Amino acid sequence: MLLLDIKNLTIELKTPDGLIRAVDRVNLSLREGETRGLVGESGSGKSLIAKAIVGVLNKRWLVSADRFNWCGQDLLRLPYDQQRKVIGRDIAMIYQEPSRSLDPTAAILEQLEEAIPDHLLEGPWWKRGYLRRRKAIGLLHKVGVRDHQAVLQSYPYQLSEGVCQKIMIAMAIAKAPKLLIADEPTTALESTTQAQLFRLLASFNQLKGTSVLLISHELESIARYTQSLSVLYCGQLVEAGETASIIKQPYHPYTNALIKSVPEFQPNLQPKTPLYALPGSIPVLQHLPIGCRLGPRCPNARKECVKTPTLDRLQNHYYSCHFPLIGKKDL
Amino acid sequence: MNTLLEVRDLCKTYHKQSGWFSQRSVIALQNISFTLAEGKTLAIVGETGSGKSTLAKLLVGIEKPDSGDILLAGQPVKISHYRQYNHVIRFIFQDAAKSLNPHQKIGQMLDDVLRFSTVLDAQQRKLKIRQTLKQLGLLDEHSEYYPHMFSGGQLQRVALARALILDPKLLILDEALTALDPSLRAQIVNLLLELQQKSGLAYLLITNHLRLVRHIADDLLVLHQGTALDYGNTAHVFSNAEHDYSRKLINSAIA
Ligand SMILES: Nc1ncnc2c1ncn2[C@@H]1O[C@H](COP(=O)(O)OP(=O)(O)OP(=O)(O)O)[C@@H](O)[C@H]1O
Ligand code: SF4
Ligand SMILES: [Mg+2]
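Residue numbers (my numbering), protein chains in the order written: chain A, 73 to 403; chain B, 24 to 278.
Hints were generated in silico from the structure; no laboratory data involved.
Straight-line distance between alpha carbons at most 30 angstroms, and here's what the computed DSBU-like set of lysine-lysine pairs gives:
| # | chain 1 | residue 1 | chain 2 | residue 2 |
| --- | --- | --- | --- | --- |
| 1 | B | K128 | A | K86 |
| 2 | A | K344 | B | K80 |
| 3 | A | K131 | A | K157 |
| 4 | A | K280 | A | K157 |
| 5 | A | K375 | B | K157 |
| 6 | A | K123 | A | K207 |
Some but not every residue of chain B turned toward chain A, in silico, with C-beta under 7 angstroms:
| # | residue |
| --- | --- |
| 7 | T71 |
| 8 | Q210 |
| 9 | N213 |
| 10 | H238 |
Keep in mind it's a predicted model, so treat the numbers as computed, not measured.
All C-beta atoms in this analysis are idealised placements derived from N, C-alpha and C, irrespective of residue type, glycine included.
Make the full structure from the sequences, and use the hints.
As structure tokens, then:
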């Protein structure tokens, strides 16, 4: 069953000069137990989408969609507090900025215990305190923190980035969410810890059947740990489908550039030789090019590209490009 | 190949107050030695707390080593002479945005750098600023921009412009490439490689990003708890690391 099913998600910012559309008609869906990667150039709208799903964007942003279904129920049509309740119960997010999630003035024990909902503690009320403590320790072990005694008594500033990030994950999984959204969970971490964390997210997904939406710049890790993939460019969805088939044969020139720019995917590349890169940079939202937004940077652009391409599909593989890299004749 | 930077037996210990009467010492660096030739790249990898940042601080001149020497083109570097060699060694840190003054236009900021460290007149400075912006794929108009008007990746270019405008011989990049998206990272890497080929610039790359290290670094030094474990040609260390720790680090990146 589809857990999350969003059609034509649009996110706009109110500014003195009018509305700026930062995310434009993006589709996104997740099955139960699926892990989906979300990649794209910096500023392409990944974090905005994540925040729109958990409903934490402030009032300056307008969120609209033709469909915003969670377990078959359209969230945007629910009254606000109903919406908050469903999201709060089922969806957890690990933020790009660690500072957003941990309270610097409270000890870890307190914060972690607070994140555990009552209904997950099985036992009589007079044992609640004890059970909560056991559960907090269990969560720390689960995320790979062995030394729980010392960590529980610490304040966030006394701990390393890596440990803080693990605690954030522990807090996120404390409520046994159906969907876990991780927005660049590892950028601040060293490579050994990074690998550990990705494995942790993957195992959590396998063990508990939790769906994961993983936003990351580390394409190698996305390739290894996700089943499906959505690629954004400049607020629009340019390609989506199974991760393995996209990595093997991307249809969209932007996805192609993204994959080719990573030395790991280019086994024959000699050290110190130039990496594949598109010229120029992502346009600002106030001055978008006409037609295909990749146009000015695209090596395959032709005159047809001044018309905005639609999202086409070939089996389960979606792309929005007039000249997909397979060549139209194979379609 | 001329040796540009030589570091000999560098040691640094921090004394931390723990409680009112007792002191705890932390050995941050222990007998670190390496050399870096013109036009080459040395990567220093290790976890947080391995001494990477301390090493950067000593090279920048923010802190003094307890013992050991830092030689630049054969001459010992002294902290009191920092301003003198500040042309030759430049730095870029991870958080480019934070190190820029939000109330100053980019052109003004670059002009300040030139006024502080060179004898160029106003006309020459203007020309130099224009050349540098162009070299980094930025436009003349960008001189009139404030930092918040740039995207993250452009800001990283601005930081590079600030570092490169003095034609340094050595650029130290402290995790400056890590948080970039892949296509932007590829652009910056290409730019760095090109500058290195054209002008013989040397790079000291302090990073965790081992996959990138493999592509751009000539030599690799693995730091662990303040000591140097493996040190040598990058390809060699990748395939024949002697220490378990280095192997673990390398495997986590390439496995
Ligand atoms: N408060 C704001 N005011 C104006 N524009 C904003 C604001 N926050 C975000 N934006 C714009 O919205 C767009 C999408 O931003 P978002 O943070 O979602 O990017 P991202 O894909 O997460 O990038 P990164 O990979 O760098 O995290 C960007 O163009 C950004 O400049
Ligand atoms: S539609 Fe045209 S410009 Fe856009 S990605 Fe495809 S080929 Fe390039
Ligand atoms: Mg983001």
